[in-house]
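Assemble the whole structure, with the sequences as input and the hints as a guide.
Protein chains: 6
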Amino acid sequence: MRVDGRKLDELRPIHIETQYIKHPEGSVLITVGETKVICSASIEDRVPPFLRNQGKGWITAEYSMLPRATEQRNIRESSKGKVTGRTMEIQRLIGRALRSVIDLDKIGERTIWIDCDVIQADGGTRTASITGAFVALVLAVEKYMAEGKINKFPIKDYLAAISVGVDPKLGEILDLNYIEDSSANVDMNVIMTGSGQFVELQGTGEEATFSREQLNQLLDLAEKGVNELFHEQRAVLGEFADKIKVLSKEEV
Amino acid sequence: MRVDGRKLDELRPIHIETQYIKHPEGSVLITVGETKVICSASIEDRVPPFLRNQGKGWITAEYSMLPRATEQRNIRESSKGKVTGRTMEIQRLIGRALRSVIDLDKIGERTIWIDCDVIQADGGTRTASITGAFVALVLAVEKYMAEGKINKFPIKDYLAAISVGVDPKLGEILDLNYIEDSSANVDMNVIMTGSGQFVELQGTGEEATFSREQLNQLLDLAEKGVNELFHEQRAVLGEFADKIKVLSKEEV
Amino acid sequence: MRVDGRKLDELRPIHIETQYIKHPEGSVLITVGETKVICSASIEDRVPPFLRNQGKGWITAEYSMLPRATEQRNIRESSKGKVTGRTMEIQRLIGRALRSVIDLDKIGERTIWIDCDVIQADGGTRTASITGAFVALVLAVEKYMAEGKINKFPIKDYLAAISVGVDPKLGEILDLNYIEDSSANVDMNVIMTGSGQFVELQGTGEEATFSREQLNQLLDLAEKGVNELFHEQRAVLGEFADKIKVLSKEEV
Amino acid sequence: MRVDGRKLDELRPIHIETQYIKHPEGSVLITVGETKVICSASIEDRVPPFLRNQGKGWITAEYSMLPRATEQRNIRESSKGKVTGRTMEIQRLIGRALRSVIDLDKIGERTIWIDCDVIQADGGTRTASITGAFVALVLAVEKYMAEGKINKFPIKDYLAAISVGVDPKLGEILDLNYIEDSSANVDMNVIMTGSGQFVELQGTGEEATFSREQLNQLLDLAEKGVNELFHEQRAVLGEFADKIKVLSKEEV
Amino acid sequence: MRVDGRKLDELRPIHIETQYIKHPEGSVLITVGETKVICSASIEDRVPPFLRNQGKGWITAEYSMLPRATEQRNIRESSKGKVTGRTMEIQRLIGRALRSVIDLDKIGERTIWIDCDVIQADGGTRTASITGAFVALVLAVEKYMAEGKINKFPIKDYLAAISVGVDPKLGEILDLNYIEDSSANVDMNVIMTGSGQFVELQGTGEEATFSREQLNQLLDLAEKGVNELFHEQRAVLGEFADKIKVLSKEEV
Amino acid sequence: MRVDGRKLDELRPIHIETQYIKHPEGSVLITVGETKVICSASIEDRVPPFLRNQGKGWITAEYSMLPRATEQRNIRESSKGKVTGRTMEIQRLIGRALRSVIDLDKIGERTIWIDCDVIQADGGTRTASITGAFVALVLAVEKYMAEGKINKFPIKDYLAAISVGVDPKLGEILDLNYIEDSSANVDMNVIMTGSGQFVELQGTGEEATFSREQLNQLLDLAEKGVNELFHEQRAVLGEFADKIKVLSKEEV
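Chains as they are written, first to last, in UniProt numbering: chain G, 1 to 252; chain S, 1 to 252; chain Y, 1 to 252; chain R, 1 to 252; chain D, 1 to 252; chain B, 1 to 252.
Just so you know, not all the hints are guaranteed correct.
Note that the list lumps identical chains together, so a pair holds whenever it fits in one copy or between two copies.
Subject to a maximum C-alpha distance of 30 Å in a straight line, what follows is the list of computed DSSO-like cross-link-like pairs (lysine-lysine) [as the list claims (entries may be wrong)]: (1) 22 - 82; (2) 169 - 106; (3) 22 - 7; (4) 169 - 245; (5) 56 - 80; (6) 156 - 169; (7) 169 - 56; (8) 22 - 169; (9) 56 - 245; (10) 143 - 106; (11) 156 - 22; (12) 243 - 224; (13) 243 - 22; (14) 245 - 156; (15) 7 - 169.
What the hints contain is simulated information worked out from the structure, not anything from laboratory work.
Structure representation (structure tokens):
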């Protein structure tokens, strides 16, 4: 039995509250068990220098934690005067992932800023950030379409992320909380599309190793998990849910 | 009439939700109109070097805004690599204010970290931070007393803060929202104790000036406002509310 | 009796030496007791980006101390790689104060840089900086008017600043030196115009509190102090002194 | 045909020159095609604070490129005043990978610093760094064992890394050079042990996606590639090569 | 004729005002023509880590300019967040120079901080800093000897510095002011002891070159210049002047 | 006898390998005894802002050491977040030196970046950098001339640098290695042209002093040393060697 009583292939309860804060074009509060992240999508009417005059847009992501989102208080990165390597890795990952399911030509010369701010952390903050940020992105795009600023729907597919890992006693498990993550031998983050394609795969033995057989079992678990996340995303997107086409494997 | 229909001496609706996030010893989400701040109080069992071996504690505060707490997205201070002057001013102010109503000898060699993170801003974020942080501080202290780590109740008095200002058309007004703050000729933040004493007074003509008569009217408004805030603080503190003694003017 | 033998409402000796250094458009060495500050006003023929093409100017201030201006040597902020919160607060204060008595439309698209460098500190460095910087500003403006670069006299009123405070034994006192400042319960900086209006008021209980009665007595002392400073400013400005109109209370 | 005439599953020529620079305890120059990296292992007789008094050691890695290792000159990170996100990701990856094949208890309270400095880049710098750093690490450990400072051989297994990817025209390919890497749809770095276990897997669709079938083909290619790298590592380690035990899958 | 009417081998007027600011153990305002530098020597009762428990002291120097010490206002290094290369070169030079004429064993485990703050610049600020700092150093040492904290007089010789250069029209000249320095082909700073020994020699063709013959003429001029500086140093040191032994060439 | 058996006026073995890395327009690996530096010259088709639209070019230099180029591992400057004073001094020196022998009008509005990266250090890294960088510069210029991008040969003279010093036992010596440098009383770096002119002279008593007689002997040694370096430079430049005119003393 897992520390919180879940089955090996069971997600924690997911809740996505839309338009959680009023200023961003799109925003959500995503809750995955005890992990809570405010994800917002802000649209700015210009692009970074390397993209100017190409008629296409950009998505960039930033990630942060409140100092006391965690059991022990962390020093703010603004006080340290620099962003840590972990934060950089995560925000680069979020940006890449979202860019894989949007047609940047269709948003014009605009930058969409994704901000993922963890207000309470209990494992899986980066995957929750991606899953929530996708919804905030769709909401922001819908707002700009409703205002006539974007004409063609640019979202190509659903996107969600989940962690899987190898527990030293229980073996392969889905959606690790903080305690499980701390003791896992293997930790893997899997980002997938609604069509069942991989966007990114990051698996580490955390100073241990894993076999190809374990890898296959982990990927099976992850696939199960993201499908449940897509279900939740569709539920909160309501009328917009069906605008996002899920391609069959043949169409990909 | 004010832009949001309030009377000149009327506060915006106040709501304080306690234990909003689970890890800190004390935390609240304070909502003042459309301004929302997560305030947390974290107790660390050591003091900064300048206080070591003196048997007394310290309170220090940090303040930040989510990038899209505001109408326009702000660049994160962690990305800039430095904390702005405005942030420094505010966090120094919050720290000084809270230290004025606690007996630091009674908390032992501990640091209480106050984190005020604005998730949505509509004027008055620094005064909301102080009013909310006071409640988070009391909750944290109570937790440590319940666990037997602090023996004598160290809180000396209630503490709340409010802004007042001079509107170019309406004259003196209480609790300015963002639009009012942007157009005000004079802006004053007043921090007071439950006993009606001043802790801090910061009034600026914002490149204009004000008379002593105006000052007196502003202080009258502020006194009215903080008394309503004390009422709300008492309500959410429940059983702990009466442990905080409010001194009569003679006792001060 | 005060530590240096002054009466409770007595300023320290003031001296303002004009054109103390040769390169700036305006400069003074202001001496207030043992506190000495070089204030210079430098005019640059462009404005910061947020003001471009608006036909008006800007004033910005910087403040620093020599490392050994104080009893104990301080580490340079350039060595630390960042400006402290205290410095930021002070330079923002100086800038705001000077902007309140100048008509920025009349100086054209120019920035006036105010540099206040404390070469010896004995309390009251920020108020001495403001009082001295006002004179340097007038001198710089006069130079540009004499050269025909500015056509309309932009200075609207006199400006001076003084500290007042509550001594634990003596009560309310005017113009605190370093020793008095260190032991004061309440510390207030008051910036006023020649017309008797307030520009800025910053009073702090320094982890203590103060009553409205004390506030009124402190403001009376401050008013007496700034009037003496205006007298000294007029003396050193000589022929230019009367160009600055002091409005009666009715005209404000 | 690939741009450099290789077969789809063909590595570029590998060369590892040992003790390339004289000061480090272990060093190599690894050449993979046109990619050249100086890898050094420096042993310091103390550990970071979080490991003190635990009787075990630590490995940490740093990665950098000479400014003109690349086609376009890059600004030095020392001039920028900060390490980029890409560099941080890579050096964290190198450190984690090496820690997976060493028994840190056996090296005592020591830190082994791995420095990977790319002097010429043509794709695959991070995987070349890991493959070369492993050899430098073994050399450094052997030096300390020869001097009697380390008593038990701490290396648990071989370690090597390779990139695989999906070329838009050719499909799955092994060991991408810079041109191939720039145009690949999918890019995956695979780090494996001599026993055929995975240490780390990082695959990204680079704003595209990939299927599970493609993943399997990529992993087959990677396995072939690392086996050839182990062969080269054994060759240059000479007499030390057999001290490193390669476990059968059953023993893992 | 030189721009200011001096002869080729003529120094500008020198003035050294001792104890110019009150807090440092030793301080001077040195004026060389229009160049003015506040030099202070502060004694701290501890040494940097690399010197601990060796029974000897250290001298370290810092150099800075007020922003408007120059014709054009310079951005403060504290605002830039870093010290420029020019400043670093100068402060390293001042420190090395002063350390050459003091017996660090005789001052005990103390650090003497030399601060050279240029309040007005007209060429030769680094050489004026050294010449003035030497006097401040002697005054600080004398103060500590008078208080019984240092027992043996540690100053081994006089020290002064001067610039020489090659003017494109006039040839070799002594003590260049800012205009001369800007147009000189060769610029050399010479630091010498009272015994006529060189401490440091820094000559640069400033993107031009110079011959050995020119070098010899420049050194002759420099020798003449420093001798006049020693005369001025002796004058202001008064009773302490003769405590500093000037060795004959044989004794060096 | 010197520690490595050389005569007092003997250089260490010199070797210059051209086009050591493939991307830069010019590059060398210079080996001076055990000191090894990769010098590269990169041509960028634009100039810094202060030179725009003047039709001339610029040369700027950067210098760095690999962390383990030295006996003890050094912390990377990118990790420290700033460039040390020593590095700044050296890179400013390299830049100035190279600019003295090139006609910047002839290279057009281009910047030549000189990168000197020390991969192994044993004294004399800055002089080896200059001597090697000169060759890299000539190679880069030749490449641009061959491609028709530069029309007139801009190199005015040969340039090389060497260190000389005073050993406490042996007296004046040429080309100090690390051990000699550490114990020398006087350390001087001399940069000269093929015509026998000085470009830069930096001599320091390293907290000691030196006489004019010693200076003359050091300069004689340096002259001998640079002549041997010019010989080596000519050898590796091959066909280009005679394009660089060496002026007789009369022509300078």
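Evaluated hints:
| no. | hint | in the structure |
| --- | --- | --- |
| 1 | 22 - 82 | both (29 Å within a copy, 27 Å between copies) |
| 2 | 169 - 106 | between (49 Å within a copy, 26 Å between copies) |
| 3 | 22 - 7 | between (37 Å within a copy, 25 Å between copies) |
| 4 | 169 - 245 | between (40 Å within a copy, 26 Å between copies) |
| 5 | 56 - 80 | between (35 Å within a copy, 26 Å between copies) |
| 6 | 156 - 169 | between (40 Å within a copy, 23 Å between copies) |
| 7 | 169 - 56 | between (49 Å within a copy, 25 Å between copies) |
| 8 | 22 - 169 | between (45 Å within a copy, 28 Å between copies) |
| 9 | 56 - 245 | within (21 Å within a copy, 53 Å between copies) |
| 10 | 143 - 106 | within (14 Å within a copy, 44 Å between copies) |
| 11 | 156 - 22 | within (26 Å within a copy, 37 Å between copies) |
| 12 | 243 - 224 | within (23 Å within a copy, 43 Å between copies) |
| 13 | 243 - 22 | within (24 Å within a copy, 37 Å between copies) |
| 14 | 245 - 156 | within (7 Å within a copy, 49 Å between copies) |
| 15 | 7 - 169 | within (14 Å within a copy, 43 Å between copies) |
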